[in-house]
Amino acid sequence: MNPFYFGPSDRPLFGLFTRAREPAPAAGAVLLCYPVGSEYMRAHRAFRQLNTLLNRAGFHVLRFDYSCTGDSAGQGVDARVSTWIEDVGWAIEELQDTAMVDRVSLVGLRWGATLAALAARGRDDVDQIVLWDPVVSGAAYLDDRLGTPRPTGVVGIEGYPFSDVLRAEMDEVDLRRDGTDLPAEISVMVAEDSEAYREYMDGLDTAGHRAGYRVVPAPGDWAQVDPFGDALIPQDIIQAIIQQLSRGRAS
Amino acid sequence: MRERALSFGPANLVGILTEPDPGAALPGAPAWITLNSGILHRAGASRMYVRIARALAELGFASFRFDFSGIGDSEVRKDSISIEERFILETREAMDYLASARGVDSFVVGGLCSGADGAFWTALEDSRVVGVWQIDAFCYRTVSYRVRRYAPKLLNPVAWVHSIRTRLPEVGTTERDEEQFVKPEYRRVFPPREVVGQGLSTLKERDVEMFFFFTGELEDYNYAEQHTDTFPQLEGHAEIVHIPACSHTVTDLEHQDRLLRDLTGWARRFTHERAAVAAG
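The listed protein sequences correspond, in order, to chains B and L.
Reading the first sequence from the start, the letters are residues 1 to 251 in the working numbering.
Reading the second sequence from the start, the letters are residues 1 to 280 in the working numbering.
Keep in mind that the hints were calculated from the coordinates and are not lab data.
The C-beta atom is built at its ideal place from N, Cα and C for all residues, glycine as well.
A few of these clues could be false.
To be verified - DEER-style ranges, computed between Cβ atoms:
1. P149/B <-> E185/L: 39 to 45 angstroms
2. Q49/B <-> P10/L: 21 to 27 angstroms
3. I81/L <-> P149/B: 52 to 58 angstroms
4. M100/B <-> N12/L: 43 to 49 angstroms
5. Q224/B <-> A279/L: 49 to 55 angstroms
6. S194/B <-> R149/L: 41 to 47 angstroms
7. R198/B <-> S100/L: 56 to 62 angstroms
8. Q75/B <-> G23/L: 20 to 26 angstroms
Isolated chain L, as found in the complex (with noise of 0.2 angstroms):
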């Protein structure tokens, strides 16, 4: 395995690319993308894209994580490009360097939470993404939601006092320094569900592969297969995995491992798939 540090694009982007030992790439495969989640740079909530990268290359795939502007270690870009904008602008200048430096031609792009949201809306942009891997990705509430989550509150008087108690204005809650704190520039807003249906139909339709990890601390899920309730059209095409117990930054070391275990297997599972298919 290789590791470059570089930078890249107009808006001089910083990145490491990670690659096989000479000789144990896999030929035509996808170059692996990672995207920022919130503010938190290149290396990922708990070292994690680190983790998948060399863990990637191990099974012969190229990755490469990088800085959005004003993330990390990247600049301000001077332009006022929004940062919704730039999630695809500059996950496609990625892109095109892999394309133009390494001759990739496909790619798999993915992350946590703000990069799962970048990675959807990319994949959507440009065809020559193949997959897409989302730790808490876009979710949306079902009827079996409701019930797990309302049902045994309805029958326990210790649950209505609490909700009472939450509803009520805190009190002793110390300010703090606005001035010393920087905030994420991105605020995370689901779309309508019907929109994201019909993204997901279109990468269907592309013969996109899809993988979605949900943690426990996505206020919006709590069932396995509430993903595929909600977009049936993805059953039988996606991989989803639900770790109730996970947190949402997977800190847990054991939880990392699962993550590392499931992502690695889709990897190679599609990717052989493929290849078996152009094989004939």
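So here's chain B without its partners, still in its complex pose (with noise of 0.2 angstroms):
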């Protein structure tokens, strides 16, 4: 395991490289992408758990806190959507050195996984892309999280600021709309099934994407604080993100 400071200089971004378990060859590097706010802490046992079975069935792995979260340099006020697109770009391209691969895989969840969406377009170093629980639309992100009228200003959602900058980028995000040109193959896994998400395949198929959509029923909701601390690790999805990972690798 190594933990490190990577990207930029003037915004270090924090890492944490793994490799995958000898004597295994290695069947690839997988970039890790969590999501913002407090479902970045609730989600960090579940991608710790990921990494682990990602090591175990032979990917190399890097995760990281994008600008202006976890450890990373940069204040919560100052977080910005089109930063942690680029933050995701230079992800890439440390994993690509640390690891010494020309291509690599992406899995996020949530703003991950539609932050790792964005982050591909136009690129052509990127295997696969799995979408875990995406957030399809920005607006219906923040219609969901703070209701209508929406506040001015600062606004705080479960102990994270959300700039009004910020806010008006996630609010032009749509992946029905920017996350169907996509260069690599993309699997979709949701715990639920939803209208939104069934737009977005149709966009994929429209534009010529065969790709996959996966219902894995998991209990709890990354929005929700669990009553007794506890941290939510969804087994059955985090083994069909192996198991794509490892079948697209194979064949």
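Put the complex together from the two separate chains, hints included.
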């Protein structure tokens, strides 16, 4: 395990790189993209589990914190979607250098899935993208978390600041419009079916992608605080992600 | 300010060292160590530990936030030491690391909830600790607590009805799939009041500085002076803040600012006082 900082010198990003378990030859390299806000804290344990199991399945793994989140540089009030998308690009290059591979796969959860999809546009070095419970519409996400009419200024969502600028950028994000032109194999894995997901899948289909869509029922809601202070680890989805990446590599 | 990611100690624990800019460090100042709360990783609830570390660096303090084994990014230990023992053992390993790598010989330890508990027990075990800060520390009901809690209800018929309802078994509670959740290893049990009182007296005798921040979600705490009423020996020796509207994990942005302001204010005051004493 190697914790380190990487990326631009004016905003170092925290990353944690772990190698595939020996003696199996490396099956590939996977970049894990966390959710944001309170969902980041709730998902951390699940990501660690996913990281460990991917290493056992033969994958090198990098997970990292976007600017203004976790241990990376920057204050929460300065967070920007546009910077986060750049950060995913930095992390892809860091993973390629560290793991000494040309191509990588991306796995993202919630906003992490959305950022992974947006960052992959125009790249030719991404094999697979697994979108886990993606945020399809930034506007719908904000409506759900803040209600309408929306407040103004810096707003706290479960302890994390969301500035006007960040919310305006989130409002503009819609995978159905911006996340279909992707040069990679796409799998969407969700705990619960929804119309937004199916619309996104239709968009991918129209764009010529034969994207996989799996509903893997899981308890819990990333937006909900667990009343017992426990960590949610949806084992079935985690296993499904590993199978998907392993299958993609074998084919 | 500079931040470094590292792993340290026999268990390869993962931590972040935050240091002031070269030339801005306070000479001889203690280094701060923040301890995980529950299973939340080292960034802390609402990323508060990161904000605290960076605010302290602005004041000239180095600080270190790390994950206990099995929490956050740190691996699970191969031995079978309980979480309570690990609080002390691994915090001391962090101190040992900072002592050898950075030449620091005194420390301020603290955290929220279980982090507060770990800070208290470590301070009792290790004389290098010169300051302790705790969010929602061990607390105990007093007469004034009971008056504040129960007196309004005694005269309120609605409260009586609610009291009866809450004693009835819940209907329709959905069961969850326990295999999909990981429980925190540490289940918080408050030690007897006398044990904590004795510990606080020991810390006071050692001249350990103390800062307590109580939120409104600690069921056993409901007025500002409760801690001093419970442990009168601390009067004049500890700073105590109580924010009734504050949630346990300090989610309100204004409360976060208040915590940061009060905590760094305490750091600045006691450091200046100690420097003045040292200078004669």
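Worksheet item: Lying within 41 to 47 angstroms: is that true of the beta-carbon distance S194/B to R149/L?
Response: About 44 angstroms separates the Cβ atoms of S194/B and R149/L, which means 41 to 47 angstroms holds.
Worksheet item: Per the hint of 52 to 58 angstroms, is the separation of the Cβ atoms of I81/L and P149/B within bounds?
Response: Taking Cβ atoms as reference, I81/L and P149/B lie about 53 angstroms apart, which means the hint holds.
Discussion item. Assuming the hint says 39 to 45 angstroms, is it satisfied by the Cβ distance from P149/B to E185/L or not?
Written reply: Taking Cβ atoms as reference, P149/B and E185/L lie about 44 angstroms apart, which means the hint holds.
Worksheet entry | Range hint compliance [Cβ, Q49/B to P10/L, 21 to 27 angstroms] | Since the Cβ atoms of Q49/B and P10/L sit about 24 angstroms apart, the hinted range of 21 to 27 angstroms holds.
Item to complete: Given the range 43 to 49 angstroms, decide if the beta-carbon distance of M100/B to N12/L lies inside it.
Response: With a Cβ separation near 23 angstroms, M100/B and N12/L fall outside 43 to 49 angstroms, so the hint is violated.
Discussion item. Please check whether Q75/B and G23/L have a Cβ separation lying inside 20 to 26 angstroms.
Written reply: Since Q75/B and G23/L have Cβ atoms about 23 angstroms apart, the given range 20 to 26 angstroms holds.
Fill in: Verdict for R198/B, S100/L (Cβ pair) under range 56 to 62 angstroms
Since R198/B and S100/L have Cβ atoms about 58 angstroms apart, the given range 56 to 62 angstroms holds.
Practice prompt. Given the hint of 49 to 55 angstroms, check if Q224/B and A279/L actually sit that far apart at their C-beta atoms.
Written response: Distance hint for Q224/B, A279/L holds at roughly 54 angstroms.
Hint 4 alone, counting from the list given before, is not met by this structure.
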